[in-house]
Amino acid sequence: MPLLWPLLLSAALFGVGVYGVLARRNAVLALMGVELMLNAANLNLVAFDVWFRDVLVSGQVFTLFIIALAAAEIGLGLAIVLRLFRAYGHVDVDRVGGDPS
Amino acid sequence: MGWLSLVVLAPVLAAAAVWWRGARWSEVEAARVGVGASAVSLILAWLIWLTRDASAVFSGEVDHVWIPALDVHWHLGMDGISYCLVLLTTALSGLCCLSLARERTADEAGQPGRRSLLVLILVIESASLGVFTALDLVLFFICFELALIPMWFVIAGWGDPHDPAGRRRAATRFLLFTVLGSALMFVGFIGIAWQADTLQIDALSVSAPAFTGTLNTLLAVAIALGLAVKTPILPLHIWLPDAHAKAPTVGSVLLAGVFLKLGTYGFVRILVPIMPVQAAQIGPYLAAFGVAGIVYAALACLRQSDLKRLIAYSSVGHMGFVALGIGTLTASGLTAAVFISVAHGLITGLLFFLAGWLKERYGSSDLAALGHGMYRRSPWLAVAFCFGCLASLGVPGLAGFWGEMLALRGAYEVGPTMDRAGAWTLLGIAALGIVVTTAYFVGLIRRLLQGTPSPDETIRHLWSDDPQPGDQGPDDSGRIARPQVTDQLQEAEDDGVVDLDREQGIVTGVLAVSVFVLGIVPGLLSGTIAQAMPWIVGGIR
Amino acid sequence: MIGLTLVIVLPALAALVGLAAIDGIEIALVSVGGAAITFVATLIVAVPRFGTAGPVGGSWGHAWGTLNAPDVSFALRADSLSAALLLLAASVALLVQIYSVAYLADDPRYRAYASIVSLFSASMAAVVVADDMFVLLIGWEMMGVCSYLLIAHYWERSDARDGAAKAFLMTRTADVGLLIAIIVLGQAVGSYRISDVLDAVAAGDLSGSTITVTALLILLAAIGKSAQFPLHTWLPDAMPGPAPISALIHSATMVAAGVYLVARMEPLFLASETATIVLGLTAVITMLIAAAFALAQDDLKRVLAWSTVSQLAYMFAALSVGSVVAAIGHLLAHGAFKALLFLAAGSVAHAVGSTAFADMGGLRRPMTWTFATATIGFAALSGLVPLSGFFTKDAVVGAAYDAASGGGEGPAPSWLAWLIVVATLFTAVLTVAYATRAWRLVFSGERRGSETAHEVPALMRWPMVVLAVPTALMGLAVVRPGWLAGSEAEPVHSWVAVTSTAILAGVVAMTWLLGRAGDPATRLGPIRPVLAREFGVDAAYNRFIVAPTLAASGLVLATDRDVVDAYARGASSGAIDASRLLRLAQSRNVQTYVTVAVLGIALAAVVAGVTA
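Chains as they are written, first to last, in this note's numbering: chain D, 1 to 101; chain S, 102 to 642; chain B, 643 to 1254.
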């Protein structure tokens, strides 16, 4: 398949992910956006790795790293969101900050 | 380490001891420890001076490398000027501790703990002694700053008990003003040290090349501004009245007696010897602002309604003479600066002690609240206050006169900084300031000490057959309503009168006697100052 | 030298020791004893100065250490001029201390009073024997301080407080002139010794402008201290002080110190025509207006105060024509009779309870001693032959006449000298008038007022009697030639003697006739209120000096609060506003932060791409 199609898909996924991080009010959905961005980067890496036909398959190895890191990061992020919910009663990022009422 | 280091560190060691012993020492015992530490410093300084080598400029010199990477030395030395100011600092701090070395009276029961106050006083004393003996620019600056921080706590914590927000505001304003000034001063110091590659004051003034150029003028202005805030010189004086109004008695005494001298000392020790050319350029402005300050402060005192603010403004006036003296860059003027500093420390220290005791007793330093006739209500306090006022207005025969005379003479001699017209104009305006100073002190005595005694009812109704509630004057026929003394009046004199207690009496006596002695034998002080003069004016070409 | 130092130190010691005294008897012993010992010491020091032994002096050399060149030292010197004033001061001080024992017998503040009077004696002695100008200045100002404290002795009274404040403020303003003159002279001559200064003047070392300026400044100080125009208004307002104080300070010693200063610095004045003219004019104006004011007063002590001002002007007039001996002769005579008159006024006040004429009258019978001595005093004031006032006042007129007709010394232009002659004669007329009026209002006629009068106790009587002796006889001493070293005594011009006696006789008669129906001053008609208001000089001072100063004070306080403080408050509010502005960046919204970060990265990528 041409290299362009996975790249386009990855760019689209990344854009959707950025939109999610910047514009979604719900903190969980913002974190999903982060996941989308990470996976878009993964797709990009795999596509280029196949195209380069790297002997060490470094792109795909890097992708495995990112999957692990993303899992760790989402675990931490969701823990923070949980604390946020416990303190404020909601996870609306526009409304948090200052004294928890 | 040297005896001079012990002179500087003895009070802070005593502070550490008081803090460590905590409640195991009573307040009176802790205060006595403070007095002892100050006495130790004073006696050691005196001994160092007695046994000094007459050929050396600085006696008791101590020089160790402290921070090698920055070439900062623990460099202490004492010349004539330092010695006078060290004596003044130790004496005033010792007297402050002595005034606290008594059991609390009934109206002092609610005040916060005195041991902490003593610790703060002793730290301030050590830092000031460090400033007066430091011969390394960074050491000078460190001690300069170190003296400020405890004073914030003193004013904010032990100040006016009726106005917590006000005293915190006054303390913060004082701190911010002086720290800003010190920062500017430090910039100047770094600039100098970077050019001359040394931080030692004696090396800078003797062997360093003369500083020239715009950069050095700016550095000198920065240093001058920083010191001018401390002195204080108009228009940077605005922190002083508020700080004094809200400070406790010992805080005011230390502020007026020791703090203000730090600024003067900086001028005489650092600016004039190290940067004589720039000092000559700045001199006229310094003198002009100083003289403006004399008249401005005197006018501000005329209608002042708060006693401590009035004395604070009178300090600004005295420091105006100091600025005039320094600005002329003559030997007379510089001697005047140091002489006034010492004399002012003693005189205004005395006035602030008395005003502070009045405030503690009556709860306010507002003249309307204090009433009239203090001669009757607290005879010895009133007499001492009258003495202090007379000394402060510069009556010849008391210490306040000689410094003012020397400053005027410095202005008359013109010196290398100004032309004759300018110098003599300043002389005339300063003389006018003396007249207004007399006016407000006379007005103060008339308002506070004289007059029908109030508000004590018992005494008033026994006093003469004239039952008017207001002032006594001659009635229409011009009769002298001469007071009739009866046995009742004699008793009232003993019963209704609250006067100085023993420690307060000792403090008052020591200060009054020293003011008197310096008034009739000024050579004691001026001779000591003269020892240092050649080194200071040597750079003025 | 030791004697001179003792004359200063002994009264100061008496002042100090007196503070420790406990009851009235101890205070009296210390104060009177101290004054007596001082008097003896003064005799020992002063009397030889009138003989062939010349001036004596010395200095406690380096007692004052360096105050940078020129050096200040404790230098003293006494010649016959100093000796004359020392004797006057010491004797009057002793008599006043004795008088005060009885006058202030019931006063709870007698101890402070006696100490301050002793301190005053020390200061006066310091002024008179000083050779170093700073010793003189210290004594001069300490006298002012003592005067201030003593006038305010009855500080419950508002007129006492006001009078004391006014006296101190006016004299201190004038004293600043003396301080500047000393500094100028010190720089010009290279020494602060009076003897060095006078030598420099004689040798012509000083420039004309220096001499004129310093002479005028010294004159300013003398005008202030001796209550001459335009600083004349403080002396009558100082009368609420106790009468012995008025006798000591405000007639015999402190106000005479101004005359002494000018007499001591006479060569300086003689070398400057401007200063001489100013001195002469001041004297002429003062003697006339003061005598006129005395005529319109309702209070005995105020009459005497204005009389003092007028008589001091006589002395200054004599100095302006260069005759030190006439001036000092009149100073001594005036010291004696004015002190006597003030003590008599004190006795009258002690007896009737006030010093207003409205309470007096007909006191001749109950108070014989007072009447007798006061009569001698008034007669001397008027210049009755052969009392002291006659000789000394006529000596002043004679000196002026000699200067006018070209036979005298000094650079006083002859118009000035003629003016002085006329003014002194006219003042003599006024003097006899007010003296006679006062004498009559107090002692003759009907007894007004309610209290029964009685003669005063012995301790108050005898000082007055003692003072009556020199009042009567001193004239014979001061006409002897050469009693004051360096000058011949003025011969008594016969025409002056005749004229003054004629004036005396005529004016006494006229005042007596005018006064038969009551107070002669009522005949003054519409002029009287003008005189009683003293030409409104005080009101002018209030309006043009005091009120603007107080207004300036208010302005300064407003400036401090609104202008200077505004910068401090503005700095703090500016910092707070800037902080608020910056806080907008801390929106607590994570997405805003990330948006900014993303935009920044995009920008950086574009820049990197473009510049690569």
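Because the hints were derived from the structure by calculation, they are not lab data. Because the structure is a prediction, the values reported are computed rather than measured. Just so it is clear, CB atoms sit at the ideal spot from N, CA and C, and this is done for glycine as well. Mixed in with the good hints there might be a few duds.
Taking beta-carbon pairs under 7 Å as the criterion, some of the chain B residues facing chain D (in silico) [said to hold, decoys possible]: (1) 1226; (2) 1230; (3) 1233; (4) 1236; (5) 1237.
Short derived list, chain D residues pointing at chain B, Cβ under 7 Å [unchecked claim]: (6) 22; (7) 91; (8) 93; (9) 97.
Consistency of the hints with the structure:
no.: 1; hint: 1226; in the structure: 14 Å, violated
no.: 2; hint: 1230; in the structure: 3 Å, holds
no.: 3; hint: 1233; in the structure: 5 Å, holds
no.: 4; hint: 1236; in the structure: 6 Å, holds
no.: 5; hint: 1237; in the structure: 5 Å, holds
no.: 6; hint: 22; in the structure: 5 Å, holds
no.: 7; hint: 91; in the structure: 12 Å, violated
no.: 8; hint: 93; in the structure: 6 Å, holds
no.: 9; hint: 97; in the structure: 3 Å, holds
In this structure, the hints that do not hold are numbers 1, 7, in rising order.
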